[in-house]
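Visitor: This is what each chain is made of:
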Amino acid sequence: MILVLVEHDRGVLAPASFEALTFARAFDCEVHAITLGAPADELAPYLGAYGATAVHQAHHDLLVDYGPDASADALVSLVATLKPGALMATGTDRGNEVLAHVAARLDAPFVANVTGENLDASADRWELTRIRWGGSLHERATITADVRLLTVALHAVEPTPAPAPAVATPMPFTPTIDPSAAITIVRDRVKREVGQTLATASVVVGGGRGVGSAEGFEPLEALARELGGVVGCSRAVTNNGWRNHTDQVGQTGTRIGADVYLACGISGAIQHWVGASGAKCIIAINTDAAANMVTKADYAVIGDLHEIVPAITAAIRSRRGV
Amino acid sequence: MRVLVCIKRVPAPGARINVTEDGLAVDTTNLGFTTSPHEECALEAGLQLVEEHGGSATALTLGPPEAEEQLRYAASLGVTDAALIPTDGTDWDPQRTARAIGHVIAELEAVGGEFDVILFGNESADSGGFQVGVRVARALGRPMITGAKGLTMDGTTARVQREIDGTQEVYELRLPAIIGVKEGINLPRYPTMKGRLASRKLGVQIHEAVGEPGGQRMVQLVSPPEQESRLVVLGAGPAAADKVVDLLAERGLL
Ligand SMILES: Cc1cc2nc3c(=O)[nH]c(=O)nc-3n(C[C@H](O)[C@H](O)[C@H](O)COP(=O)(O)OP(=O)(O)OC[C@H]3O[C@@H](n4cnc5c(N)ncnc54)[C@H](O)[C@@H]3O)c2cc1C
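Taken in sequence, the protein lines are chains A and B.
Using our numbering, the letters of the first sequence map in sequence onto residues 2 to 323.
Using our numbering, the letters of the second sequence map in sequence onto residues 37 to 290.
Any given hint might turn out to be false.
DMTMM-like, lysine to aspartate or glutamate: derived pairs with alpha carbons at most 20 Å apart [claimed, not checked]:
#1 K230(B) with E80(B)
#2 K279(B) with E227(A)
#3 K281(A) with D282(B)
#4 K192(A) with D94(A)
#5 K192(A) with E199(B)
#6 K281(A) with E199(B)
#7 K279(B) with D305(A)
#8 K281(A) with E264(B)
#9 K192(A) with E31(A)
#10 K279(B) with D260(A)
Covered stretches of chain A, as calculated for chain B (at least 3 residues, CB under 8 Å) [unchecked claim]:
#11 77 to 90
#12 211 to 219
Worth flagging that the hints you see were computed from the coordinates, not collected in a lab.
Quantities reported herein were computed from a predicted structural model and do not represent experimental measurements.
Even glycine gets a Cβ: it sits at the ideal position worked out from N, Cα and C.
Given only the sequences and the hints, what does the whole structure look like? Please build it.
Guide: And the structure:
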């Protein structure tokens with residue numbers, strides 16, 4: 002049996018949980034889900050649709066809100082009774098955090114960010130593919146353990162409902178959580194007002210070192226406003242202090258999923274590309290026709306961004322008759 | 037305040053990552069090396085704590101002997117002590133790495149006293165295992181939180197702020213504590229000339245790596261297939277602006 006940790010925030014399901022459930026079905030054995038905290042009880046029907054035949058519902062005062070220690074304790078206590086062949090979670094910040102805590106408690110291996118490719122679970126030692134460098138490099142890895150701990154890399158598996166939906170039988174239980182072990186205590190949680198974010202904006206106007214200065218971003222801001230989009234940037238820009246890190250696209254920044262990404266004065270290093278490649282259409286603006294950002298883009302304009310970006314804004318305005 | 041920052045030496049590839057012929061490592065011919073970005077920020081956070089509360093910062097790394105370069109870089113920023121756990125340069129699994137680091141931290145503390153704060157990067161840039169810091173924390177019996185985007189300290193408590201999917205969380209950890217830092221928590225400083233000179237004099241303590249391999253093994257590294265070029269050059273200079281606007285219009289963005 003494979004146990005899948007379902008990620009949620011006070012009962013609001015993280016969509017990546019469906020990716021993890023879909024991934025778990027590839028192993029051709031029974032799939033159980035686990036939800037932590039009573040607010041998640043109502044999720045059971047959705048989990049059945051993705052193939053979970055049972056959902057273990059952990060109820061405990063310390064599980065009302067997320068916390069890595071209490072979550073890991075709850076998982077360890079269920080793993081001890083069920084002895085699943087594997088415990089899987091989403092490859093999100095929380096998923097990777099919780100499984101690391103479980104792995105530390107069990108002193109067991111934990112393979113982070115596995116993709117759906119070339120799984121071989123025919124022997125005791127499973128062979129898997131995982132991502133490195135934020136997805137720029139793949140690794141074939143083996144894991145040898147009684148309970149294999151894995152997370153499923155984000156967007157690596159297409160979430161698909163089970164061909165024959167199951168009825169996920171709710172199985173409430175009270176885990177053993179050492180209150181003193183819950184040493185990381187949440188003091189405060191605020192859901193921030195989210196308008197357009199870099200991750201969700203439909204248009205991102207990105208600027209790199211070629212922009213030249215903090216003030217140099219004003220024309221990019223103007224273009225982004227015109228298109229109802231947001232401004233992004235490369236790490237060279239954040240390292241120079243021209244923009245805040247919240248604007249950084251890439252491996253250690255944000256992955257964008259825009260309809261259009263205009264990459265201005267960005268060379269397209271692999272760590273930037275990994276955050277940009279989720280955009281459906283990439284238009285590069287660069288003086289260097291051989292830059293990686295240009296050769297990998299869908300479209301390119303060769304030349305000085307300081308001339309081209311304002312010209313695009315002006316052309317939009319004139320087409321709108323303003 | 038005694039602060040320890042655990043850092044990792046990683047290659048700094050440009051347009052692509054090439055793999056050696058045997059598939060067991062990144063081909064680093066012609067590549068420079070750097071400190072993994074989250075750890076650059078961990079170093080900065082550690083130095084700021086020392087500036088604010090007094091004490092000293094130590095840097096520790098497990099890696100090939102050449103990782104001394106990253107320790108010296110840390111010293112050029114203000115770290116005053118450094119510990120290197122040399123490996124044979126091959127890829128170590130996370131359990132083994134954590135065991136070796138935990139062991140050396142215990143050695144350092146036996147001599148110099150407990151570290152109030154131990155900082156790690158949230159995940160290393162290259163292998164991205166998301167777990168070494170958490171394992172070390174468990175072994176040492178200390179509270180641990182990852183993803184730190186803000187950090188303040190008052191006497192006995194560390195307040196860590198982080199953001200996950202638009203929700204801001206604040207955690208309080210009793211000291212001594214271990215914290216995984218994410219890029220963006222601060223803007224790392226650059227070395228000063230004085231710092232560079234001081235870093236040459238840094239004595240790097242060498243510690244033997246103690247720790248059995250764990251249950252995860254790397255078999256092979258594989259570059260994902262390169263996409264076929266699909267580039268259409270729209271033109272050169274501002275004259276091409278109209279064609280860009282055509283594309284935007286086609287996509288309904290006007
Ligand atoms: C572990 C690791 C993680 C990293 N994570 C990230 C990350 O998350 N995000 C990220 O972006 N980077 C990341 N980097 C850094 C990355 O490797 C590059 O250094 C960085 O992306 C370069 O930024 P850039 O393209 O703006 O600058 P450069 O590489 O210097 O490129 C500038 C480009 O601007 C062009 N240009 C110059 N002037 C003009 C002009 N007037 N008009 C038009 N074009 C012009 C040049 O031709 C060039 O192509 C990471 C690096 C490492 C080692």
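Visitor: Is the straight-line distance between the alpha-carbon of K192(A) and that of E199(B) 20 Å or less?
Guide: Holds. K192(A) to E199(B) sits at ~9 Å (cutoff 20 Å).
Visitor: Taking 20 Å as the top limit, are the C-alpha atoms of K192(A) and D94(A) close enough?
Guide: holds, 16 Å
Visitor: Run the distance test for K281(A) versus D282(B): straight-line Cα separation, threshold 20 Å.
Guide: holds, 16 Å
Visitor: Within 20 Å, alpha carbon to alpha carbon, are K279(B) and E227(A)?
Guide: It holds: about 17 Å lies between the C-alpha atoms, which stays within 20 Å.
Visitor: If you draw a straight line from the CA of K279(B) to the CA of D260(A), is it 20 Å or shorter?
Guide: holds, 17 Å
Visitor: Count the residues of the region 211 to 219 of chain A whose Cβ falls closer than 8 Å to any Cβ of chain B, and tell me whether that reaches three.
Guide: violated (count 0)
Visitor: For a C-alpha distance cap of 20 Å, please report whether K192(A) and E31(A) respect it.
Guide: violated, 36 Å
Visitor: For a C-alpha distance cap of 20 Å, please report whether K281(A) and E199(B) respect it.
Guide: violated, 27 Å
Visitor: When you check the alpha-carbon spacing of K279(B) and D305(A), does it fall within 20 Å?
Guide: Holds: K279(B) and D305(A) sit about 16 Å apart, inside 20 Å.
Visitor: Starting from K230(B), check that the Cα of E80(B) is at most 20 Å away, please.
Guide: OK: K230(B) and E80(B) at ~17 Å, within 20 Å.
Visitor: For the region 77 to 90 of chain A, do at least 3 residues have a Cβ located nearer than 8 Å to some Cβ of chain B?
Guide: This one is violated; 0 residues, fewer than the three required, reach chain B with a Cβ under 8 Å.
Visitor: Is the hinted pair K281(A) and E264(B) satisfied, with a Cα-Cα distance of at most 20 Å?
Guide: Distance of about 15 Å is within 20 Å: holds.
Of the hints listed earlier, those the structure fails to meet are numbers 6, 9, 11, 12, in rising order.
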